[in-house]
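With the hints as extra help, turn the sequences into a complete structure.
In the order they appear, the protein sequences are chains A and B.
Read in order, the letters of the first sequence are residues 1 to 265 in the numbering used here.
Read in order, the letters of the second sequence are residues 1 to 628 in the numbering used here.
Think of the hints as simulated: they come from the structure by calculation, not from any bench.
Possibly wrong hints are sitting among the right ones.
[Said to hold, decoys possible] Pair by pair, the computed Cβ-Cβ distance ranges are:
{"id": "1", "chain 1": "A", "residue 1": "Gly74", "chain 2": "B", "residue 2": "Thr446", "range": "33 to 43 Å"}
{"id": "2", "chain 1": "B", "residue 1": "Tyr372", "chain 2": "A", "residue 2": "Ala165", "range": "54 to 64 Å"}
{"id": "3", "chain 1": "B", "residue 1": "Lys627", "chain 2": "A", "residue 2": "Leu229", "range": "52 to 62 Å"}
{"id": "4", "chain 1": "B", "residue 1": "Lys627", "chain 2": "A", "residue 2": "Asn255", "range": "37 to 47 Å"}
{"id": "5", "chain 1": "B", "residue 1": "Lys627", "chain 2": "A", "residue 2": "Glu117", "range": "24 to 34 Å"}
For glycine and all other residues, C-beta sits at the position ideal for the given N, C-alpha and C.
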Amino acid sequence: MSDLVSENLNMVFTSPKGETVHAIQNLNFVLKKGELLTVLGPSGCGKTTLLNITAGFLRPTSGKITLGGKEINGPGLERGMVFQQGALFEWLTVADNVNFGLRMKKEDPKKIAEKVEEWLEIVGLQGFGNTPTYQLSGGMQQRIALARCLINDPDLILMDEPLGALDALTREKMQSLVLKIWKETGKTIVLITHSVEEALLLGQKLYVMAPRPGRLHKEYQLPFAKMGLSTDLRQIKNEKEFVKKREEILTMIWNMEEEIMGKDI
Amino acid sequence: MLTGLFIILLIIILIATIVYGKRLIKVEKIDAVFGNPERSKGGYHWIIAGSCSILLLWFYFSWDVARSFFPNSANELCQVAKVRDSLVSIKYVFPIEQKTLKSSDFIKRENRNIELLNNQIKQSSIANKDKDKLIFLLVETQSLIKILSDEKYLNPEIKNKVLGVANQIDSLSKNIQNKNYPQFDSLSSEEKIAIKKQGFWGETGAEVPFYPNTKFGLKFDAASKELNKIVEQFFLIKNNSEVFEKKSKELDSVIENYRDTLAESQEVETQFAREVSKIYGRVTRSNIFPANVLDPVEQSVVRFEEVQKKEQGSLKIIDTLLFPGGTVVASGQTCSEQGSGRWLPKPTDTLKEFLHLLDPNQGYKNVPLFWYEMMGINKVVDFILPDWIADLVPGKYPVHNNEGKVISNFKSNVLDIVTGNFELFSIPVPSGHIWDSFLRVFLGLTLGILCGVPLGLFMGLSRFAAGYFDPLIELYRPVPPLAWAPLIITVFGIDNSGKIFLLFIVSFAIMVISARAGASGTQLSKIHAAHSLGASHWQILKEVIFPNSLPEILTGIRVAIGVCWGTLVAAEFLAGTTGIGFVENVARKYMQYEVIWITIFVMGLLGLLFDIGMRKIINKTIPWRGKG
Ligand SMILES: Nc1ncnc2c1ncn2[C@@H]1O[C@H](COP(=O)(O)OP(=O)(O)O)[C@@H](O)[C@H]1O
Ligand SMILES: [Mg+2]
Numbered sequence: 001m002s003d004l005v006s007e008n009l010n011m012v013f014t015s016p017k018g019e020t021v022h023a024i025q026n027l028n029f030v031l032k033k034g035e036l037l038t039v040l041g042p043s044g045c046g047k048t049t050l051l052n053i054t055a056g057f058l059r060p061t062s063g064k065i066t067l068g069g070k071e072i073n074g075p076g077l078e079r080g081m082v083f084q085q086g087a088l089f090e091w092l093t094v095a096d097n098v099n100f101g102l103r104m105k106k107e108d109p110k111k112i113a114e115k116v117e118e119w120l121e122i123v124g125l126q127g128f129g130n131t132p133t134y135q136l137s138g139g140m141q142q143r144i145a146l147a148r149c150l151i152n153d154p155d156l157i158l159m160d161e162p163l164g165a166l167d168a169l170t171r172e173k174m175q176s177l178v179l180k181i182w183k184e185t186g187k188t189i190v191l192i193t194h195s196v197e198e199a200l201l202l203g204q205k206l207y208v209m210a211p212r213p214g215r216l217h218k219e220y221q222l223p224f225a226k227m228g229l230s231t232d233l234r235q236i237k238n239e240k241e242f243v244k245k246r247e248e249i250l251t252m253i254w255n256m257e258e259e260i261m262g263k264d265i
Numbered sequence: 001m002l003t004g005l006f007i008i009l010l011i012i013i014l015i016a017t018i019v020y021g022k023r024l025i026k027v028e029k030i031d032a033v034f035g036n037p038e039r040s041k042g043g044y045h046w047i048i049a050g051s052c053s054i055l056l057l058w059f060y061f062s063w064d065v066a067r068s069f070f071p072n073s074a075n076e077l078c079q080v081a082k083v084r085d086s087l088v089s090i091k092y093v094f095p096i097e098q099k100t101l102k103s104s105d106f107i108k109r110e111n112r113n114i115e116l117l118n119n120q121i122k123q124s125s126i127a128n129k130d131k132d133k134l135i136f137l138l139v140e141t142q143s144l145i146k147i148l149s150d151e152k153y154l155n156p157e158i159k160n161k162v163l164g165v166a167n168q169i170d171s172l173s174k175n176i177q178n179k180n181y182p183q184f185d186s187l188s189s190e191e192k193i194a195i196k197k198q199g200f201w202g203e204t205g206a207e208v209p210f211y212p213n214t215k216f217g218l219k220f221d222a223a224s225k226e227l228n229k230i231v232e233q234f235f236l237i238k239n240n241s242e243v244f245e246k247k248s249k250e251l252d253s254v255i256e257n258y259r260d261t262l263a264e265s266q267e268v269e270t271q272f273a274r275e276v277s278k279i280y281g282r283v284t285r286s287n288i289f290p291a292n293v294l295d296p297v298e299q300s301v302v303r304f305e306e307v308q309k310k311e312q313g314s315l316k317i318i319d320t321l322l323f324p325g326g327t328v329v330a331s332g333q334t335c336s337e338q339g340s341g342r343w344l345p346k347p348t349d350t351l352k353e354f355l356h357l358l359d360p361n362q363g364y365k366n367v368p369l370f371w372y373e374m375m376g377i378n379k380v381v382d383f384i385l386p387d388w389i390a391d392l393v394p395g396k397y398p399v400h401n402n403e404g405k406v407i408s409n410f411k412s413n414v415l416d417i418v419t420g421n422f423e424l425f426s427i428p429v430p431s432g433h434i435w436d437s438f439l440r441v442f443l444g445l446t447l448g449i450l451c452g453v454p455l456g457l458f459m460g461l462s463r464f465a466a467g468y469f470d471p472l473i474e475l476y477r478p479v480p481p482l483a484w485a486p487l488i489i490t491v492f493g494i495d496n497s498g499k500i501f502l503l504f505i506v507s508f509a510i511m512v513i514s515a516r517a518g519a520s521g522t523q524l525s526k527i528h529a530a531h532s533l534g535a536s537h538w539q540i541l542k543e544v545i546f547p548n549s550l551p552e553i554l555t556g557i558r559v560a561i562g563v564c565w566g567t568l569v570a571a572e573f574l575a576g577t578t579g580i581g582f583v584e585n586v587a588r589k590y591m592q593y594e595v596i597w598i599t600i601f602v603m604g605l606l607g608l609l610f611d612i613g614m615r616k617i618i619n620k621t622i623p624w625r626g627k628g
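Next up, the structure:
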């Protein structure tokens with residue numbers, strides 16, 4: 001019973017000028033163990049804030065998030081995070097990046113080496129252990145970030161636009177990798193994205209958020225992630241159902257953006 | 001000889017590299033457009049060309065080229081300079097190098113003085129009787145000038161004497177054009193001995209040898225001796241006609257009488273009388289002549305100058321071409337280099353002096369530049385271990401027993417060790433001026449890094465530390481390091497500790513600021529990542545924040561080395577007994593230009609080595625910089 005539960009979550013920022021921003025307003029949801037949730041929304045609707053609170057980097061203004069019944073108040077090993085980019089330690093080799101968490105726990109070096117080998121193989125980077133990370137491409141770097149997070153065996157994986165900076169081809173491969181890992185490990189995953197296609201493809205559950213104040217706008221249950229485990233992703237993208245959903249959400253987001261613009265003017 | 005060959009070699013290399021470079025440029029045009037940074041790469045032959053040029057310029061402007069190809073030229077120029085020196089006083093009388101005739105100049109000046117004094121007397125508030133008297137005296141004095149300027153009163157002998165001098169100069173002009181001049185033995189026996197004893201140009205003790213070494217030089221030396229005699233005669237000619245003698249004697253007594261009549265209370269009158277008397281004195285001593293009387297001498301001097309210039313022949317060309325920025329000058333009993341040859345030491349001499357300084361038995365002020373000395377290991381231990389270690393050992397120091405003996409115990413043994421009170425073996429320890437300077441920089445810098453980096457990191461991570469220590473650091477950091485020197489020397493003394501402390505405070509501020517910038521510049525996502533990977537605070541500091549600040553810290557160290565090095569040399573200039581700055585300061589006092597240039601060179605080279613070393617370290621330790 002290690003569900004992720006948000007109860008009346010509120011986050012209000014005060015900018016240095018004194019303006020208040022209601023980044024998250026009265027957010028309530030329940031995410032069951034093993035579910036894959038994607039979060040979509042125009043920029044500034046509080047996606048990153050939600051993730052940061054879940055990871056424990058921020059304290060909510062009011063309300064709370066619990067994981068397995070325990071309130072989150074600080075970073076913890078049971079919640080792993082994958083950042084958009086730039087969060088690798090560029091002074092370390094690939095292996096040292098991947099085993100960072102294990103070294104911090106001072107595990108047996110032999111066991112560490114074994115685990116690193118195992119995970120490098122899963123993310124398709126076997127043989128790169130001694131390479132400095134800065135010599136690798138963006139896609140490879142995100143694989144390392146994934147492996148570094150997963151090697152700690154967290155209950156919940158949080159990803160903030162992990163594939164945002166990748167080119168289309170690499171991106172598709174990484175999407176398959178995420179699905180594969182989800183299937184093989186059965187982890188609970190929250191993945192934030194600004195790509196509608198990605199949200200539809202990967203999300204077993206999809207939340208569309210609206211800005212100002214940041215809130216849950218619409219919620220979907222989707223079949224495509226399950227399909228993606230066995231079918232080619234490109235094929236799914238061409239399915240009638242998929243196209244229909246994509247157009248619906250795109251229109252929704254367009255309307256939201258227009259509303260914001262109108263408000264500003 | 002060797003120098004000459006080396007110079008020729010340099011020229012050949014320079015030309016070769018330029019030719020090679022030019023050829024290469026033709027090829028490069030195909031693959032590089034202007035502005036392409038690739039075009040500035042790989043110009044090693046130009047490095048050689050640049051080095052050769054600098055060396056050649058050094059050889060040239062220090063007159064080493066002249067010395068190696070024409071070793072006698074300075075000695076010969078010295079003899080020429082003697083001639084010039086002999087003529088200086090006589091030329092000064094005439095408008096040859098001066099603009100006006102000396103007599104005219106004098107008359108113009110004194111006439112103005114008389115007029116000024118005249119006006120002052122007229123406007124003063126003294127009694128009319130005194131005014132009249134003083135003005136009368138002034139007019140009389142002026143009439144003396146008239147007598148001296150008027151050919152009517154000229155003693156007829158004088159014209160003959162003047163002609164006599166002119167003739168002597170003219171005949172000398174004729175004689176020196178003779179190949180066999182001097183036909184007489186112009187050298188005294190002492191001079192002959194001195195010629196044998198004097199060294200070559202640049203040999204220690206004789207910058208430029210004074211006595212003539214060559215036949216050419218002998219000619220000018222002899223001419224200058226003859227000239228000296230003629231000039232002496234010329235200045236014996238005095239314009240003292242009977243009329244002048246009589247008048248001046250009269251006036252003298254009148255002035256003196258008048259001055260005697262003045263009472264002590266008549267201050268203004270006394271002052272005026274003194275002024276009049278001064279003008280009178282200057283006029284009687286002036287030895288001015290009517291305008292055209294001395295013309296024959298002037299003309300003969302001009303003719304002689306032309307002849308002697310012609311006689312210099314190729315030496316004149318050598319002087320202009322190979323003695324740039326100055327020449328050899330004679331004054332009294334010495335000849336010396338004046339100009340760039342003086343303050344720019346010759347490369348050959350500099351190298352010799354450098355080898356001399358490197359010789360550990362010579363060194364500078366009894367301290368070698370860079371050497372080692374054997375030091376007992378006990379002294380090293382004494383230096384490293386502080387004495388209070390012994391106090392920490394439990395127990396008491398032994399006291400003497402009733403047999404009058406002191407039996408040592410463990411505590412006293414420890415004391416013996418930490419105070420270096422034992423004999424073992426010796427190890428070589430570096431020493432010398434350069435090492436001393438290096439050690440000071442090293443210790444000051446190390447202390448600065450050890451204290452500055454932790455504080456800087458702390459300030460980058462904590463609001464308390466950033467605020468609390470900020471005023472201290474920001475207030476003392478902008479103070480120029482040397483401004484601290486007087487205080488620090490007073491407190492710590494002129495020896496090592498003062499300088500090390502000075503360097504410590506210099507490097508401390510730099511290290512604090514760079515470590516702080518490094519720590520506060522850590523990307524938040526990296527800190528977040530470390531947190532969610534389960535790192536403790538200490539682990540985050542050690543594994544994330546410190547490596548992330550390393551580029552800033554190393555750059556800080558690089559800057560600090562440069563600043564410390566500059567500060568140290570200046571501090572050694574102020575006080576101390578060893579160190580490279582000390583050497584330069586002493587050399588400055590004794591005008592040892594070779595040593596000054598050597599210290600400058602050593603400083604530049606060491607600074608360069610430090611920087612290259614730091615760059616190597618930076619490239620080795622943080623190849624990932626800026627690639628996160
Ligand atoms: N630390 C902060 N201080 C003030 N305002 C913030 C801060 N973090 C985020 N915000 C504001 O909160 C809103 C939501 O931000 P964020 O969660 O980053 O949006 P996104 O959905 O694009 O990830 C934005 O309007 C942003 O300006
Ligand atoms: Mg965001």
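Here is how each hint holds up against the structure:
The hint said 33 to 43 Å for the Cβ distance between Gly74 (chain A) and Thr446 (chain B), and at roughly 39 Å that hint holds. Our hint of 54 to 64 Å for Tyr372 (chain B) and Ala165 (chain A) holds, since their Cβ atoms are close to 58 Å apart. Checked against the hint of 52 to 62 Å, the C-beta distance between Lys627 (chain B) and Leu229 (chain A) comes to roughly 36 Å, which is inconsistent with it. A beta carbon spacing of about 42 Å between Lys627 (chain B) and Asn255 (chain A) agrees with the range 37 to 47 Å that was offered as a hint.
Look at Lys627 (chain B) against Glu117 (chain A): about 26 Å separates their beta carbons, and that is inside 24 to 34 Å.
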